[in-house]
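Asks: We have chain A; now place chain B onto it with these hints.
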Amino acid sequence: MNYFQLFQLPAGFDVDLTELGTRYLELQRNFHPDNFATASERDRMMAVQQAANINDAYHSLKQPLLRAEHLLALRGVKLSHEQRSFTDTAFLMQQMELREQLADIQDAADPDDLIAQTEQQITEQRKLLLKLLAGTLAANNPEQDLLAADIIRKLKFFFKLQHELELIEQQLQD
Amino acid sequence: MALLQIAEPGQSAAPHQHKLAAGIDLGTTNSLVATVRSGEAKTLANQQGEDMVPSVVRYTLDGVIVGKQAQADAALDPHNTIISVKRLMGRGFQETLKQSQHLPYDLVDQQGLVAINTVRGVKNPVEVSAEILVTLADTASQTLGGELNGVVITVPAYFDDAQRQATKDAASLAGLNVLRLLNEPTAAALAYGLDSGQEGVVAVYDLGGGTFDISVLRLKRGVFEVLATGGDSALGGDDFDHLIVDWLQQKTGIAELSHQTLRQFLQLARQLKEQLTTQLSVSFVVEHSSGQSELTLSRAEFDDLITALVRKTIRACKQTLRDADITAEDVAQVVLVGGSTRVPLVRHLVGEFFGQTPLTSIDPDKVVALGAAIQANVLVGNKSDTDTLLLDVIPLSLGLETMGGLVEKIIPRNTIIPVARAQEFTTFKDGQTAMSMHVLQGERELVSDCRSLAQFNLTGIPPMAAGGAHIRVTFQVDADGLLSVTAQEKSTLVSASIQVKPSYGLSDNQIAEMIQSSMQFARQDMQQRLLREQQVEASRVWEAVSVAIGVDAHLLDAAEVIDIEAALHQLKQLSEGDDTAAIKAAIEHTNHLTDEFAARRMDNSIRQALQGHKVDEV
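Chains as they are written, first to last, in my numbering: chain A, 287 to 460; chain B, 3 to 620.
If you're looking for bench data, these hints aren't it; they were derived computationally from the structure.
Mixed in with the good hints there might be a few duds.
To give a feel for the contact side, a few chain A residues facing chain B, derived at Cβ under 7 Å [unchecked claim]:
hint, residue
1, L311
2, Q314
3, N316
4, A323
5, T324
6, A337
7, K364
8, E410
9, Q411
10, L415
11, L418
12, A420
Label-pair restraints from in silico Cβ distances [to be verified]:
hint, chain 1, residue 1, chain 2, residue 2, range
13, B, R602, A, F445, 37 to 47 Å
14, A, L351, B, H571, 51 to 61 Å
15, B, P346, A, F445, 43 to 53 Å
16, A, D302, B, A424, 46 to 56 Å
Since the structure is predicted, the reported quantities are computational estimates derived from the model, not experimental observations.
In this text, a Cβ means the ideal position worked out from N, Cα and C, and glycines have one as well.
Chain B with its partners taken away, still in its complex shape:
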């Protein structure tokens, strides 16, 4: 580990400075923030003493309300109170209309993406999520007594690129430094794994409010290797609620539910669902526009309502075990995550499928946030002696559209990330000078059945005979599961590259505009924020290069050392001032000067990494 510590902040001037880091579980129903204090991960409570913040945001003329109060207001003000916004992250307007008939909002089309018209104007899911993140980060800052250096935010393993990107955008909008997007099941395993020193294959069954994930991980001496992951990003406990609402509607005989009644019924449904985890039946009176109904819902009836949905999750478990190339008997332990795993039928059917009683010793509502906190503490540099290694996989295949509306897969699902794969394509017409690329994610063969991530054009291809130009398209997925695509014509080196954003994400400019237009963030002056970002980056570059020169000066000649030291000196001086553009230029200059040095160090350290290698070291 001593090789590439150019990156370790522990090597800087203040080696023992404790950094503030938090793990955030940005959930569909509830969100939590946790941190590691005195070696133990704990969730943090807000001033009202609550650690579970309902993921509900209400926009009023006076301001924005987040959490419990917003949830309480939901029935009063359904149009302006956004519940389960996670289900809308990275979603298109049309697909939302098709999938969610139950939503009481005034949905609008924001350049193809879904957004909601509120009394405070049009708000998109990224902005709504940012409000929740700000609330959680404030709780953490207040408890820890300082601004956070970095956060780990969890996402369902099954989240596609658009949903991950939207989550990262929300953090960016909230002014948070994201150390990593961590998959929820990995976070849960981390929380359990470090507690119990567990080894073997673990299945994490995570049924939250709006998403279902099943992941199979192999745990071995600190390595968390995701073997396969599957699930459904639009299936969760909320669907149980909606089934109860349908049942209520049928029993009360109300032909069409108003938004207000719908909200009232949804709250009632949630209560019933919770009561039925401990009771065998619940009798209640419901008041509605056409009078009063006395009703009883038994657990058996509730089970009947939801059996099809729970069976659907079991089918996904089957498929995921298949993908991992193991059987249910190979699973040493099953971990339950998410509030919806409290439903007895879920526990029963999961236990039956895996042939064992699932683990529930850590609160299923908190386990993800706790795992995220553990990883945040490691990533921010507070725990340099850790030997945890998280090897995640890409949940859904990535590909490109080819002739006839078909998708050619470039990276199949369950490939370990980070990954880079290239594919060559050729022109199909004489003299063709442009080529359009359509990036898709999903398992189906037809373009129309997959999620469209982005479309872009490679132009300036020199005219050649059909098949003459060779275009190499490279897909790179980073450790967060975020894709970037580059395309290059080989003979002329004409290239095009994108962060996959255009069709389902927000551009950096859009985010900047959102920050500026948002009343909530007005206190954070945009210019100040940009300056601070550059200063932070400048200090990272300065630290990294200084340490590198200290360790590996022998890889440079005397003239190179003089140039680099001069650049470092200038970088340091400028970063103490307030000229954002000058700092940025100095960073670029230093990077440019040290590119070759960094590459040499990387090669060198790879060669050294396995030297004096002993098998029992790993």
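Bound-form chain A, shown alone:
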């Protein structure tokens, strides 16, 4: 299923999120199962499936990483089916350093400061990679698409780091 087509938006990495939200709500107003409360059983089941599809599509286009993955899938590049290992040692080193930094937070003299520092580093890297990703996807050719897939994999590491950082922050607050 082409999610861009569903929302009648141009297939690209840059998506107008307000427009996406508006169209999403318009579709749900038509297909949410509440419109079918007194319908026949078959029609109700169809409505549930349709509304689930619309929700899934919205979920996928809303988040940049899932959106990029969907775009690549439409172009025939599937991340999960591709076994490429990282050769970018600089990236791996950077990840290890950030992980060590995360581990240090608990015992740091000023944990809040270290959290803020780490967060800033992660955010910067993420921004950088997202910009690169937008560029490679805009090129729309197979070679750049493979590069884009690599960038997505790297971004996933950063999103995971961000998530772990939030968990650590919560633990400290509680």
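Replies: Using the frame of chain A, we list chain B on its own:
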């Protein structure tokens, strides 16, 4: 909205027929029924003039008593008088034993589920709840002068699948057509939102008798979007009562409370709690087996007793705001729901946490039923021009057991429903021909810490090398928050599917048996009921397909139209007779004939939905 009105009853032969619909708040302590009349939602009173029916059911040799009288009898007959049955919905026997030491009932294990031994035999929570629902539906039917076409029943947003399923089963047993299970906070926001045209982020803090819910919703032009929900399905005002009982026991020095004294103390505790909402201290005399005690409970002492519990709710608020990715300052309004929010300490701590005085302009005991009535009126088709859209989320993550007793999450909590997600699994042994699936709900990583919803087997997998078979498991959650799971081996298309019922729910057959065995429902002949259900479904199918052909005949070729019209004709004729099986077969035949047509219409209407689209339309 003109696109898929195959489903709108408003398009049928009698477009302006007003349907009877009601909203039911099936509460832990009290239950209410409400309806919309002359455009306004109102709760309905029974013949005694009361709209709040205590959720108490007493079984006697002569019959079943529900409500106020049953509550009055509770101290006399604790074993047969079921109070707060909502806390037992969808619960296992073992976990009930562990969690509730205070229950005065003779609990029995009914295939893993908890049930209660009464003078009228073993009754499970679904049956007890059905008695309450029947009482409320009778009140509504009598007031409105006819049988209800449909009801909306509210459930705590935090209810898991087993608890939701049990609620729906109870409605089914009571012979009610459920239009929707609606989350209580959404119902409350609906009641407030439509009244005041409120926009922005709203937090609904709902502390009832036995459950606590906190939900964060975004209201915008008719859209009620649940951003996050949290809470505790086993925490409520009843726990305050039990803490007062513990205090009474300590002050009176009674070593072990008999069932009767426990009931007496519980009633006293409830009174004290209520008095302390307006008074700073209450002095009273309590008579008991070892004499008489003169006691005083001050509000400050009461506050001390319950502070830990109230703080627990505030922690849940914190977590839920985090899940919604907002802070307390972003909340424009706080709505209080549930009788226990009358407790001054609750109001104080909630107000302090959110930095504002919470809204209480609608009676916190009635607000949920009123919201449910508003939605029931919309869903039954009385108000087709509405632009309300309720986007709910799943309150607890759903997953499957994987190697080592771990849970793999398939749908994380706070995902918008309806939702369908699939995951692939593979065999781990050479020649493996079966695979067992264990469906769980909860946030923890270990199987033992989550709620077990169901276990089932996928058999007939062709023998392959380990990792050779690809089993795709799909979880689908509908708008009521009810899960169904299907599993399929991809290369051979061997499939298995379940409505998640086996370990914590009742099968359709069990419900049918319960209807038949229940004296209360004997007047409703089972055969008659099944016939009526099929007739209703037949008329829905007939209406839907007739309208569809009228609008979209161009999507069919001439031969298809002739076939479908013949099927419709036959369906109509049969549905006027009394052959249940023949009507069922005709429905299936018509559905089968029109499956492709319905799919084409759906595709077509999706394409059309956004055409001529303008941003300011939504």
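Asks: Could you tell me which of the numbered hints above are not met by this structure, giving the numbers in increasing order?
Replies: 7, 8, 9, 10, 11, 12 and 16
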